[in-house]
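S.K.: Protein chains in written order, with our numbering: chain A, 366 to 533; chain B, -15 to 69; chain C, 2 to 121.
If you're looking for bench data, these hints aren't it; they were derived computationally from the structure.
A virtual CB, placed ideally from N, CA and C, is assigned to each residue, including glycine.
Keep in mind that a hint or two might mislead.
[What the hints assert, rightly or not] Here chain C is said to cover these stretches of chain B; the calculated rule only asks that three of the stretch's residues, wherever they fall, bring their Cβ under 8 Å from a Cβ of chain C:
1. -7 to 0
2. 15 to 24
[Unchecked claim] In the BS3-like style, the derived pairs of lysine-lysine whose C-alpha atoms are separated by at most 27 Å in a straight line are:
3. C:95 x A:509
4. A:509 x A:526
5. A:471 x A:509
6. A:422 x A:478
7. A:478 x C:95
8. A:445 x A:458
9. A:471 x A:526
10. A:422 x A:526
11. A:422 x A:471
12. A:422 x A:371
13. C:95 x A:458
14. A:471 x A:530
15. A:530 x A:458
16. A:445 x A:471
17. A:478 x A:509
18. A:526 x A:458
19. B:9 x C:97
20. A:530 x A:445
21. C:97 x A:509
22. C:95 x A:530
23. C:95 x B:9
24. A:509 x A:371
25. C:97 x A:458
26. A:458 x B:9
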Amino acid sequence: MEATNKISKFLFTWIVVFLVWLAFTSTFNIVEVITGIIVSFIIAIFNFGYFTNMGLKSFSPMRVLYFFQYNAVFLVALVKSNLNVARIVLSPKLPINTGIVEFETKLESDFAKMVLANSITLTPGTFTIDFVDSTFYIHWLDVKVTDPEEVYREIAEPFEKILLKIFN
Amino acid sequence: MELFFEIILGVVSLALILSFIRFIKGPTASDRVVALDTMSVTFISVLVLLGHMFNRFIYIDVSLVYAVLGFIGVLIIARYLEGGI
Amino acid sequence: METILEILGVIFISIGAAFLLLGSIGILRMPDVYSRLQAGTKASTLGTLGMLLGIGFFEPAWFLKIFIIMIFVILSNPISSHSIARGSCRSGIKPKLKETVNAYRDAMESCEESIKKDDK
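Could you put the whole structure together from the sequences, leaning on the hints where they help?
M.R.: In structure tokens:
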């Protein structure tokens, strides 16, 4: 079990590093490709322990599908948040009502928490200041609710629904 | 088409100048770091735009390295504000 | 075909430049560090993405490398602004709030608590 786990982690790292190499050189010249295979093999030997927790399971088709769904939700939220910022910045009186609110997340792994924090930062009017264990502190430009559960429903739910499916 | 790119370059330079005013004015160190962060991200797109206008591919590599270095610089200054180093 | 790509490129570059300008105006006008971070981060992320995508339409041969820069900007920009916010929160800069929300006090207290926890 331990050995197969290590091999799958190693293969995952090798594939990802090799794809990055292909994107950087952006050519399919045979010499470049062989050099890339060797170089990414050497890099993967030294780094696979830190690079991933899941190994090859990350490539399962359902996860990839959810990943694309997540990106669609995220891009729509990014555009909305920018229109929101534009509206606030251009109005002469600065209609803001700022406050710091908190909520509890259900995610467990650190990587999932980082993705959630990044998404919250790029969505309308909210900004992650810090998280301690599983409590997020959110700076909100236009505070509507302050109760942690309602805050959770308002801010984090659309992302966390998909993230829970990806990471658990 | 040349004129369009020159106008865009003007608009982005105006954005850089506005952030620079905040960089000079900013009452605390954090305000200056915020302005510096925005300026360094804006400068990535200026470099790519210049690369297209002069038709030089090397500018893309320069902007990639600039993005990494700007990110690390801002992280280190934030760490310093926090009292870590 | 090329004209369609160029029209798309012009549209995306214009949107990107407009958002970069809006972000800088936001940094200049907002009242305190945290609100400035909000305006700056969001607008500069979408602005840079728009500009890079537009130039990618003009120069299809460069697209892969421009795509790497786009992914890097999406990943790195929120992280650097979290660390600035956390740093200024822990160095004791208080946000200016119009109506003091209750969780504000708790959050600042726990911010101080987490400093103590780290010190131990």
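S.K.: State for each hint whether it applies.
M.R.: Quick rundown of the hints versus the structure:
1. -7 to 0: It holds: at least three residues are needed, and the stretch -7 to 0 of chain B offers 5 whose Cβ sits within less than 8 Å of chain C.
2. 15 to 24: holds (count 6)
3. C:95 x A:509: Holds, at about 21 Å.
4. A:509 x A:526: holds (22 Å)
5. A:471 x A:509: This hinted pair holds, its Cα atoms lying about 22 Å apart.
6. A:422 x A:478: holds (19 Å)
7. A:478 x C:95: holds (25 Å)
8. A:445 x A:458: holds (21 Å)
9. A:471 x A:526: Holds: residue 471 (chain A) and residue 526 (chain A) sit about 10 Å apart, inside 27 Å.
10. A:422 x A:526: Holds, because 20 Å separates the two Cα atoms, which is no more than 27 Å.
11. A:422 x A:471: Within the cut-off at roughly 22 Å; holds.
12. A:422 x A:371: holds (12 Å)
13. C:95 x A:458: Since the Cα atoms of residue 95 (chain C) and residue 458 (chain A) sit roughly 22 Å apart, the hinted pair holds (cutoff 27 Å).
14. A:471 x A:530: Roughly 12 Å between the alpha carbons, so the hint for residue 471 (chain A) and residue 530 (chain A) holds.
15. A:530 x A:458: violated (42 Å)
16. A:445 x A:471: Since the Cα atoms of residue 445 (chain A) and residue 471 (chain A) sit roughly 25 Å apart, the hinted pair holds (cutoff 27 Å).
17. A:478 x A:509: holds (24 Å)
18. A:526 x A:458: violated (36 Å)
19. B:9 x C:97: Holds, because 18 Å separates the two Cα atoms, which is no more than 27 Å.
20. A:530 x A:445: Satisfied, since the Cα-Cα distance of roughly 24 Å is no more than 27 Å.
21. C:97 x A:509: Holds: residue 97 (chain C) and residue 509 (chain A) sit about 17 Å apart, inside 27 Å.
22. C:95 x A:530: violated (37 Å)
23. C:95 x B:9: Since the Cα atoms of residue 95 (chain C) and residue 9 (chain B) sit roughly 19 Å apart, the hinted pair holds (cutoff 27 Å).
24. A:509 x A:371: violated (48 Å)
25. C:97 x A:458: holds (16 Å)
26. A:458 x B:9: With Cα atoms ~21 Å apart, residue 458 (chain A) and residue 9 (chain B) stay inside 27 Å; holds.
In summary, the structure is inconsistent with hints 15, 18, 22, 24 from the numbered list given earlier, while agreeing with the others.
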